[in-house]
Amino acid sequence: KNQVEQSPQSLIILEGKNCTLQCNYTVSPFSNLRWYKQDTGRGPVSLTIMTFSENTKSNGRYTATLDADTKQSSLHITASQLSDSASYICVVTDSNYQLIWGAGTKLIIKP
Amino acid sequence: EPEVTQTPSHQVTQMGQEVILRCVPISNHLYFYWYRQILGQKVEFLVSFYNNEISEKSEIFDDQFSVERPDGSNFTLKIRSTKLEDSAMYFCANTRRLPYQETQYFGPGTRLLVL
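Chains as they are written, first to last, in my numbering: chain A, 1 to 111; chain B, 1001 to 1115.
If we strip away everything but chain A, and leave its shape as in the complex, we get:
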């Protein structure tokens, strides 16, 4: 069954620190992998989209990595800011363009 698992479920870090969020998937074959940021009560906002041939993609302080062999992705946030507090969702697109959503990691940045 196609699944996307994220860890940790939640994470609290101090402002200015870095953090890494994990995503493991079993979707096969797979078209691309996306990371979204979702503020509480708002719609998801796209951060990165990577195909299987891309290993890394950056968007400002956000850097996503992908290992298509081990079916793992990570999202690294550098020098966290209070506004980074949100849920971060990993989404994998299968070969039929269906988006398989992870449950998200809830990140809290403390001053």
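Just so you know, the hints here were simulated from the structure itself, not pulled from any lab data. For clarity, every value in this text was computed on a predicted model and none was experimentally measured. Ideal placement from N, C-alpha and C gives every residue a C-beta, glycine not left out.
Listed next, with one range per pair, are the computed distances between beta-carbon atoms:
| # | chain 1 | residue 1 | chain 2 | residue 2 | range |
| --- | --- | --- | --- | --- | --- |
| 1 | A | Arg61 | B | Glu1001 | 14 to 22 Å |
| 2 | B | Leu1113 | A | Asp39 | 15 to 23 Å |
| 3 | B | Ser1058 | A | Gln9 | 18 to 26 Å |
| 4 | A | Arg61 | B | His1010 | 29 to 37 Å |
| 5 | B | Asn1052 | A | Glu54 | 30 to 38 Å |
| 6 | A | Thr40 | B | Val1024 | 22 to 30 Å |
| 7 | B | Ser1066 | A | Asn55 | 39 to 47 Å |
| 8 | A | Asn24 | B | Met1015 | 36 to 44 Å |
| 9 | A | Ser95 | B | Gly1040 | 27 to 35 Å |
| 10 | A | Val45 | B | Ile1038 | 19 to 27 Å |
Dock chain B against chain A, hints included.
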């Protein structure tokens, strides 16, 4: 930057009533989607819509649900007879082309509460 808008932002309704959720997609975007997110749970796909017809739908999207573009701009989701379990945030999204490598732009959502 163009935005997807949704109305209303909040809707409270009685069980069994019909509700219509509205979305104004980004112009020149051709693919439209509805998702829902029950509080504290993951985002769930409901339906995709292209060229005035449904492309894909999930098991959630049963006969109680329907979508249409009544005037070529608005994109609506109708729930005919709401149930308590329909309480959720409903998000509209769109892409310019087929979703492969296309960014999906989400609206701010409509929070639906069924009493």
